[in-house]
Amino acid sequence: MRFEEFLKQNIVCFDGGTGTLLQEAGLKPGERPERWNVTRPQTVAGLHKAYFDAGSNVVCANTFGANSLNFCEDELEKTINAAIANAKAAALQSAAPQEKFVALDIGPCGKLLKPLGDLGFEEAVALFAKTVRLGTAAGADLILIETMNDSYETKAALLAAKENSDLPVIVSNAYGTDGKLMTGASPAAMAALIEGMGAAAMGANCSLGPRQLAPVIEELLRCASIPIILKPNAGLPRSENGKTVFDVTKEEFAKEIAALVKRGVRIVGGCCGTTPEYISELIARISGIAPVKVTDKNITAVSSYTRAVTFGGEPVLIGERINPTGKKRLKEALIEGDIGYILAEGIAEQEKGAHILDVNVGVPGIDEAEVLKNTVCELQAVTDLPLQIDTASPAAMEAALRAYNGKAMINSVNGKKESMEAVFPLAKKYGGVCVALTLDENGIPETAEGRVEIAKKILREAAKYGIAGKDIVFDPLAMAVSADKNAAAATLGAVRAIKEELGANTSLGVSNVSFGLPGREELNGTFFAMALQNGLSAAIMNPFSEKMMTTYRAYRALKGLDNNFESYISAAAGQTSTAGREEQEENAAEGLSRAIEKGLKEKAAGYTRALLKEMPPLDIVNGIIIPALNGVGTAFENKTVYLPGLLMSAEAAKGAFEVIKGALNVSAKTGSRGDFVIATVRGDIHDIGKNIVKLLLENYGFNVADLGKDVPPETIADKVCELHAPLAGLSALMTTTVPAMEETIKLLKRRAPWCKTVVGGAVLTEEYAAAIGADKYAKDAMETVRFAESTVLEVQKP
Amino acid sequence: MTNFKNYAAPPVNKKEILRYAGAKDGRDLPAGLLEDVLAEAEGSVEYKVCWSFTSVKTGDGICRFDTFFAPSADLCKCLAGCDRAIIFAATAGVGVDRLISKYGRVSPLKALLFQALGAERIEALCDTFCEDISKSEGVMLTPRFSPGYGDFDISYQKDIFALLDCRKYIGLTLSGSMLMTPSKSVTAIAGLTEAAGEKTGKCDLCGNKDCAYRGNI
Chain A
1 MRFEEFLKQN IVCFDGGTGT LLQEAGLKPG ERPERWNVTR PQTVAGLHKA
51 YFDAGSNVVC ANTFGANSLN FCEDELEKTI NAAIANAKAA ALQSAAPQEK
101 FVALDIGPCG KLLKPLGDLG FEEAVALFAK TVRLGTAAGA DLILIETMND
151 SYETKAALLA AKENSDLPVI VSNAYGTDGK LMTGASPAAM AALIEGMGAA
201 AMGANCSLGP RQLAPVIEEL LRCASIPIIL KPNAGLPRSE NGKTVFDVTK
251 EEFAKEIAAL VKRGVRIVGG CCGTTPEYIS ELIARISGIA PVKVTDKNIT
301 AVSSYTRAVT FGGEPVLIGE RINPTGKKRL KEALIEGDIG YILAEGIAEQ
351 EKGAHILDVN VGVPGIDEAE VLKNTVCELQ AVTDLPLQID TASPAAMEAA
401 LRAYNGKAMI NSVNGKKESM EAVFPLAKKY GGVCVALTLD ENGIPETAEG
451 RVEIAKKILR EAAKYGIAGK DIVFDPLAMA VSADKNAAAA TLGAVRAIKE
501 ELGANTSLGV SNVSFGLPGR EELNGTFFAM ALQNGLSAAI MNPFSEKMMT
551 TYRAYRALKG LDNNFESYIS AAAGQTSTAG REEQEENAAE GLSRAIEKGL
601 KEKAAGYTRA LLKEMPPLDI VNGIIIPALN GVGTAFENKT VYLPGLLMSA
651 EAAKGAFEVI KGALNVSAKT GSRGDFVIAT VRGDIHDIGK NIVKLLLENY
701 GFNVADLGKD VPPETIADKV CELHAPLAGL SALMTTTVPA MEETIKLLKR
751 RAPWCKTVVG GAVLTEEYAA AIGADKYAKD AMETVRFAES TVLEVQKP
Chain B
1 MTNFKNYAAP PVNKKEILRY AGAKDGRDLP AGLLEDVLAE AEGSVEYKVC
51 WSFTSVKTGD GICRFDTFFA PSADLCKCLA GCDRAIIFAA TAGVGVDRLI
101 SKYGRVSPLK ALLFQALGAE RIEALCDTFC EDISKSEGVM LTPRFSPGYG
151 DFDISYQKDI FALLDCRKYI GLTLSGSMLM TPSKSVTAIA GLTEAAGEKT
201 GKCDLCGNKD CAYRGNI
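Chains A and B, in that order, give the protein sequences. One point on numbering: in my numbering, the residue at position 400 of the first sequence is 400, and numbering is uninterrupted. One point on numbering: in my numbering, the residue at position 5 of the second sequence is 5, and numbering is uninterrupted.
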């Protein structure tokens with residue numbers, strides 16, 4: 001019988017712990033247990049057989065750490081082949097009568113993925129893919145991805161399994177005492193991700209005992225529509241006379257798991273500290289329990305690496321500001337690769353109350369797939385809101401969906417054949433909730449009925465790809481009421497009908513309704529309220545619009561969604577306190593200068609706005625901002641101002657520059673004092689110092705190309721050559737990464753002999769910098785600025 | 001075997017945070033900023049430690065532990081006279097790294113403060129842990145010594161990670177260049193002694209005499 005069929009009808013029992021038992025058999029601390037597949041096959045097979053004899057349906061082959069980080073290519077293949085063979089031999093040797101299966105066991109690779117760690121997502125996918133291919137070829141019946149404590153690594157392993165094998169995949173995570181993964185994901189977030197990518201089952205193992213894992217399991221049973229697995233530890237380990245003992249007996253273990261099987265758990269087993277005795281006790285306990293049917297929970301959810309956002313309950317706000325349409329400053333930021341501006345927008349939208357962020361980077365002349373993927377990854381380093389990936393390019397959509405950590409919102413698909421053929425396969429493969437526009441080859445129907453018909457067609461077509469209705473959110477299109485006075489009514493009718501007739505969720509780009517009319521905010525707010533009352537699930541909107549936000553808060557309060565009116569009252573209180581206008585100083589120029597010295601960002605921006613009415617932008621920069629900054633810089637060099645003071649002034653100046661950039665009708669690059677390429681070298685992931693230097697350099701008018709951290713020498717040299725940059729700044733914090741710095745300098749000397757290198761970082765000294773061939777050692781950010789200024793002057797001399 | 005424990009948050013030492021941030025006495029900081037940073041970090045910092053006891057023999061400039069040996073005169077000096085030692089790994093978790101990375105791109109000042117906070121938190125955790133072990137084992141601990149200090153090569157991180165299985169117990173991983181993630185983490189070795197020896201300061205064993213952080217701790 002195939003495993004999936006067996007799972008449909010039965011409660012499945014896995015095996016118990018392996019590591020502790022192998023240690024008892026003589027495995028030394030630090031020794032890789034997978035090596036024993038080859039060196040001590042009988043011991044390994046004997047352990048597997050004991051589990052089959054105890055009644056296990058599935059034994060995990062001894063392949064937990066069998067990956068290409070721990071083994072060379074040759075040994076990996078031998079190890080995995082031997083491991084599967086050992087488990088299969090045990091199945092044959094055991095006379096126990098139950099159905100028997102062998103799982104390829106995949107544990108965490110041992111490294112943390114970027115951006116937290118140094119392992120690239122695609123590298124992780126590739127290394128898991130090797131293990132998957134070898135295990136599948138060796139004849140495993142299923143794949144168990146287990147003990148994963150990071151959602152991104154979980155996704156990499158699951159993607160590798162799906163791309164390289166047809167075997168059913170079970171995904172089990174290690175949750176901590178806080179009920180979350182080490183990197184922060186809740187069970188609901190993991191359910192969205194794992195179910196969305198098509199795993200056969202999901203659940204929890206290791207880390208805790210059955211009682212502590214019960215809340216996690218209850219949450220998974222509530223939100224997942226696939227079978228749930230539970231493989232806990234025998235409680236927590238402690239040392240007794242130098243031996244490890246666990247605090248949950250086999251009787252308690254079996255009893256507590258049996259209670260959860262009655263609640264709906266379909267796959268059980270044990271992890272650390274459990275033995276064949278635990279498994280036979282468990283099987284005895286659950287043998288009389290009828291399997292609880294797995295039902296579709298019909299939850300529409302997207303997720304990030306920490307949280308899930310569900311549709312159909314609370315209204316969902318999708319922030320629309322990361323979209324260059326009509327936004328000059330954002331367009332410019334995208335073209336120039338000024339990711340900081342985009343990230344600040346995202347953070348601000350979250351602070352204003354958005355639940356999901358739409359991300360659209362469509363400007364002509366950029367590689368949209370690359371930019372969209374990078375923007376998604378960068379945003380995920382600064383915000384834990386789920387993202388809505390917004391592009392018309394299927395290639396860009398795939399690149400971004402693949403790299404996304406979680407289950408994304410896909411914006412958008414529509415009723416055109418071509419659109420569905422491009423988008424649905426991506427949604428099926430990577431998971432995702434599609435925003436489906438109710439238009440097709442014949443355009444947008446004028447009536448609500450016409451739009452509902454297209455929605456039905458989209459549902460039928462999605463079903464052919466195996467995409468359920470819950471993974472589609474319809475956008476019945478808000479049209480300009482100025483062009484057709486019945487437009488709003490048609491949209492609202494469609495919202496209501498889609499909810500009532502199709503049981504589906506809806507989303508609207510609310511502000512379209514007011515196009516062509518004055519006082520748009522008023523219309524938008526009222527239309528938003530009407531749509532919510534008609535059952536709208538989500539709005540794509542501007543969280544900075546006070547009207548939209550007050551409508552949202554008022555709706556929640558009136559609808560009984562706001563407990564004790566907490567958020568309504570706190571927002572109302574906030575409005576009155578900021579209502580009093582701050583006094584403007586008489587002289588805006590003095591005010592700006594003082595704001596920079598004191599490090600007051602908002603004030604600096606305010607004064608700059610005032611000054612722009614009376615002064616040319618460049619005069620503000622050269623006449624006020626730079627002198628003020630110079631004053632602070634000198635004070636820092638004289639040690640009367642310390643680093644935080646310098647940074648506050650720099651950030652205030654940046655606030656002023658943002659206002660100026662917004663007002664200038666030219667690229668921010670105009671008036672640049674020169675290009676400066678900056679990076680933290682390969683192998684090093686510290687970037688605080690580098691970011692400080694970057695901020696200061698930008699303030700002083702340099703055009704800084706920031707390549708990030710862990711950057712290979714070739715990438716740095718490529719950028720320097722591309723820009724013909726006169727300066728490159730390299731940062732390293734560790735003795736182990738200084739060789740990468742030396743290598744980078746050598747490469748630059750060869751490929752870009754015109755470029756001066758300046759280095760910094762905790763382990764560097766003047767002598768060390770000279771020894772590795774750097775042109776300059778800078779002890780702090782100001783020294784880098786001074787060196788950059790003098791170098792540029794040198795270059796510009798006639 | 002590896003033991004592990006989650007600790008409650010040790011008391012915060014604001015002066016230490018300011019020192020790590022290079023902020024001297026904090027007079028440049030706007031009122032309330034450090035408090036805001038502390039409040040934002042609340043709930044994002046973890047205090048996890050895993051450890052193992054080992055026998056130790058020192059001689060000829062080589063320290064021999066149960067599972068590995070390391071040629072290091074400085075480590076030998078630190079562990080002189082001890083026949084047992086504790087090898088441990090501690091981490092403040094990924095939350096601090098997330099905050100540093102978040103603000104690194106939008107407010108280097110806040111990133112600097114979160115990094116200083118993380119440094120103070122992990123040191124406070126190590127102090128708490130060492131006091132805890134000292135009490136529970138009824139012994140004194142020598143100052144803790146980490147790979148990368150003096151002539152104790154940083155590559156011995158690998159042996160410590162292999163011994164403790166840090167990823168499994170506290171979610172700590174090691175990169176190819178021997179960097180730990182989460183970054184606010186410490187691995188170290190301390191000798192166990194019966195008698196109270198001469199009190200050695202944290203920095204006394206270190207050869208880096210011009211370190212900006214060298215201090216009267």
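Note that these hints are calculated values from the structure, not bench results. Keep in mind that the hints are not guaranteed to be accurate.
Quick list of in silico lysine to aspartate or glutamate cross-link-like pairs, EDC-like style, CA-CA up to 20 Å [unchecked claim]: (1) A:598 <-> B:25; (2) A:28 <-> B:25; (3) A:243 <-> B:165; (4) A:352 <-> B:40; (5) B:5 <-> A:247; (6) B:158 <-> A:31; (7) B:102 <-> A:247; (8) A:28 <-> B:165; (9) A:28 <-> B:66; (10) B:5 <-> A:31; (11) B:24 <-> A:637; (12) B:102 <-> A:31; (13) A:457 <-> A:440; (14) A:601 <-> B:36; (15) A:639 <-> B:25; (16) B:24 <-> A:780; (17) A:88 <-> A:4.
Here is how each hint holds up against the structure:
1. A:598 <-> B:25: Cα-Cα ~17 Å, so holds.
2. A:28 <-> B:25: Violated, at about 50 Å.
3. A:243 <-> B:165: holds, 17 Å
4. A:352 <-> B:40: holds, 17 Å
5. B:5 <-> A:247: holds, 15 Å
6. B:158 <-> A:31: At roughly 12 Å apart (the allowed maximum being 20 Å), residue 31 (chain A) and residue 158 (chain B) satisfy the hint.
7. B:102 <-> A:247: violated, 40 Å
8. A:28 <-> B:165: Holds - the C-alpha atoms of residue 165 (chain B) and residue 28 (chain A) are around 12 Å apart, at most 20 Å.
9. A:28 <-> B:66: The hint holds at about 10 Å.
10. B:5 <-> A:31: violated, 23 Å
11. B:24 <-> A:637: holds, 14 Å
12. B:102 <-> A:31: This hinted pair is violated, its Cα atoms lying about 38 Å apart.
13. A:457 <-> A:440: Within the cut-off at roughly 10 Å; holds.
14. A:601 <-> B:36: Distance ~16 Å between residue 601 (chain A) and residue 36 (chain B) Cα, so the pair holds.
15. A:639 <-> B:25: holds, 13 Å
16. B:24 <-> A:780: With Cα atoms ~16 Å apart, residue 24 (chain B) and residue 780 (chain A) stay inside 20 Å; holds.
17. A:88 <-> A:4: holds, 18 Å
When held up to the earlier numbered hints, the structure conflicts with 2, 7, 10, 12 and fits the remainder.
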